[in-house]
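Peer 1: Chains as they are written, first to last, in full-length UniProt numbering: chain A, 1 to 114; chain B, 1 to 114.
Be careful, since some hints might not be right.
Which copy is meant is left open, so a pair is good if it fits within one copy or across any two.
[As the list claims (entries may be wrong)] DSS-like, lysine-lysine: derived pairs with alpha carbons at most 27 Å apart:
1. K21 / K57
2. K54 / K21
3. K57 / K104
4. K57 / K108
5. K21 / K104
These aren't lab readings, by the way, just hints derived from the structure by calculation.
Protein chains: 2
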Amino acid sequence: MRNHAEELRALQDTLYFIGGKWRLPVINAICNGHRRFREIERSIPGITTRMLSKELKEMEMNNLVTRTVYADTPVLVEYAPTAYCRSFGTIIQEMIRWGRQHRKTILKGRADKP
Amino acid sequence: MRNHAEELRALQDTLYFIGGKWRLPVINAICNGHRRFREIERSIPGITTRMLSKELKEMEMNNLVTRTVYADTPVLVEYAPTAYCRSFGTIIQEMIRWGRQHRKTILKGRADKP
Chain A
1 MRNHAEELRA LQDTLYFIGG KWRLPVINAI CNGHRRFREI ERSIPGITTR MLSKELKEME
61 MNNLVTRTVY ADTPVLVEYA PTAYCRSFGT IIQEMIRWGR QHRKTILKGR ADKP
Chain B
1 MRNHAEELRA LQDTLYFIGG KWRLPVINAI CNGHRRFREI ERSIPGITTR MLSKELKEME
61 MNNLVTRTVY ADTPVLVEYA PTAYCRSFGT IIQEMIRWGR QHRKTILKGR ADKP
């Protein structure tokens, strides 16, 4: 028998960890090869500098990204995904798949109406 | 080449649709066979009557559940998942898997510390 309480706890742990609308888009951007702050920022329309900064700090604390500072002029900062960050790959891919299907359904629904 | 903007849009559509911390737990409860309001409520610790009521209304409007009223005494109301509701199955399963793994990692991390 499935243990509903244990499943629910695992699901809620994940939802809590993902928390908010920016975490997964930022993880996706970094896993897709965006490395610098401005690069990541530009790749996610609507995110503010403040929100991205907050996300990246939390993600560094949670071992989702590593932050490397190159003592260049000007100083170069690069973010890289950890294995932990990449562990969201399947969830993100499933969400992309769902979102595409949802868009098709919505557009079809509109087309079906007289 | 992957279209980052299109992927991001699909991901954000899904995140928007899932919106908030209760939608997926409620979907999961209904897909797991909970049918009556009090059943669903009891299966999700922490959810308030008000929040569940709001979720179910929105889910009915969004074609995620059907609501059937049986003219009994007292009136019996049952919620059932639509195919659309079940389309979240893979995302939910992946999130449960991730949450379990995360818990193991956290517990292991604690055990490793002196």
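Peer 1: Now look at each hint and say whether the structure bears it out.
Peer 2: Taking the hints in turn, this is what the structure says about them:
1. K21 / K57: Both, since 16 Å and 22 Å are each at most 27 Å.
2. K54 / K21: For K54 and K21, both the intra-copy (13 Å) and inter-copy (20 Å) Cα distances are at most 27 Å.
3. K57 / K104: Cα proximity of K57 and K104: across copies only (24 Å, versus 36 Å in one copy).
4. K57 / K108: between (41 Å within a copy, 24 Å between copies)
5. K21 / K104: both (22 Å within a copy, 25 Å between copies)
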